Amino acid sequence: MSSERLRQVERNLTRLRQQLAGKEDTLTTIAPEERVRIKQQIADLKAEMQPFEEEYWKILGDESATITISEPAPEIVVAEIVEQAGQLQTSQQYSDEVLEWSQKIYAEVSKPGTPAAAKLKAALSLMPPFVNLSYEAELDTENFLRTHFPTFTKWSKVLAKKL
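The end of the sequence shown is residue 163 by full-length UniProt numbering, with every number in the run present.
Calculated directly from the structure, the hints in this document are not laboratory data.
Since we're looking at a predicted model, the values are computed, not measured.
Check before you lean on any hint, since a few could be wrong.
Derived SDA-like pairs: lysine to any residue, alpha-carbon spacing no greater than 20 Å straight-line [unchecked claim]:
1. 46 - 69
2. 162 - 75
3. 154 - 54
4. 154 - 80
5. 154 - 36
6. 121 - 80
7. 161 - 46
8. 46 - 36
9. 157 - 15
10. 157 - 6
11. 104 - 87
12. 39 - 135
13. 58 - 112
Now the in silico label distances, taken between C-beta atoms and shown as ranges [unchecked claim]:
14. 22 - 87: 43 to 49 Å
15. 103 - 21: 29 to 35 Å
16. 150 - 7: 21 to 27 Å
17. 140 - 29: 40 to 46 Å
18. 21 - 154: 16 to 22 Å
19. 31 - 5: 21 to 27 Å
Idealized CB from N, CA, C, for every residue including glycine.
Make the full structure from the sequences, and use the hints.
In structure tokens, the structure reads:
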């Protein structure tokens with residue numbers, strides 16, 4: 001049941017992201033008097049995406065507890081998270097709330113004596129609150145993750161396909 005719902009959520013997000021990309025492209029080519037209308041449509045699409053993104057990460061986190069994550073992938077992903085989250089702490093680019101979230105992820109994946117697979121499952125469980133926060137901070141979750149945590153993003157997509 002959850003795997004089918006995950007597929008539905010992915011399809012919905014894909015459609016909404018395509019619409020969003022189209023609106024953003026349109027924004028660069030339309031007359032100035034039309035920009036306000038397109039910006040509102042962009043805001044509406046982002047608001048429509050938020051619950052789907054939260055649900056996506058919640059399902060992925062919940063379902064990850066039921067599968068085995070084999071090494072060495074977790075070690076590589078955890079190393080990226082530690083490095084990138086550490087670098088984000090000195091960034092002036094993001095709000096304090098976003099930096100606080102990255103610190104929580106960093107703390108979770110830095111716990112000594114915990115296997116990397118368990119660290120990743122814990123990091124996944126922290127994603128839905130981040131999605132909610134990112135919308136409040138007007139941060140594009142997908143681009144943020146793809147930019148700062150590309151290996152984690154790729155790994156999570158592979159994990160989603162396994163479910």
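Hints, verified against the model:
Restraint check for residue 46 and residue 69: the C-alpha separation of about 32 Å exceeds 20 Å, so the hint is violated. For the suggested pair residue 162 and residue 75, the alpha carbons sit about 19 Å apart, so the restraint of at most 20 Å is met. Distance check on the hinted pair: residue 154 and residue 54 sit about 18 Å apart at the alpha-carbon level, within 20 Å; holds. A C-alpha spacing of about 12 Å is found between residue 154 and residue 80, which places the hinted pair at or below 20 Å, so the restraint holds.
With a C-alpha separation of about 35 Å, the suggested pairing of residue 154 with residue 36 is violated against the 20 Å cut-off. For the hint linking residue 121 to residue 80, the alpha-carbon distance of about 15 Å falls within 20 Å, and the restraint holds. Distance check on the hinted pair: residue 161 and residue 46 sit about 24 Å apart at the alpha-carbon level, beyond 20 Å; violated. Annotation: proposed proximity of residue 46 to residue 36 holds, straight-line Cα distance about 15 Å (limit 20 Å).
Taking the CA atoms of residue 157 and residue 15, the gap is near 17 Å; set against the 20 Å cutoff, the hint holds. For the suggested pair residue 157 and residue 6, the alpha carbons sit about 11 Å apart, so the restraint of at most 20 Å is met. Taking the CA atoms of residue 104 and residue 87, the gap is about 14 Å. The hint holds against a cut of 20 Å. Between residue 39 and residue 135 the CA atoms are separated by roughly 15 Å; this keeps the pair inside 20 Å, and the hint holds.
Straight-line distance between C-alpha atoms of residue 58 and residue 112 comes to about 25 Å, which puts the hinted pair past the 20 Å bound. A C-beta distance of roughly 33 Å is found between residue 22 and residue 87, which places it outside the suggested range of 43 to 49 Å. Roughly 31 Å separates the CB atoms of residue 103 and residue 21, a value that falls within the hinted 29 to 35 Å. Separated by about 23 Å at the C-beta atoms, residue 150 and residue 7 satisfy the suggested range of 21 to 27 Å.
For the pair residue 140 and residue 29, the supplied restraint of 40 to 46 Å is violated, since their beta-carbon distance comes to about 21 Å. In this structure the hint that residue 21 and residue 154 lie 16 to 22 Å apart at CB holds, the actual value being about 20 Å. About 41 Å separates the C-beta atoms of residue 31 and residue 5, a value inconsistent with the hinted range of 21 to 27 Å.
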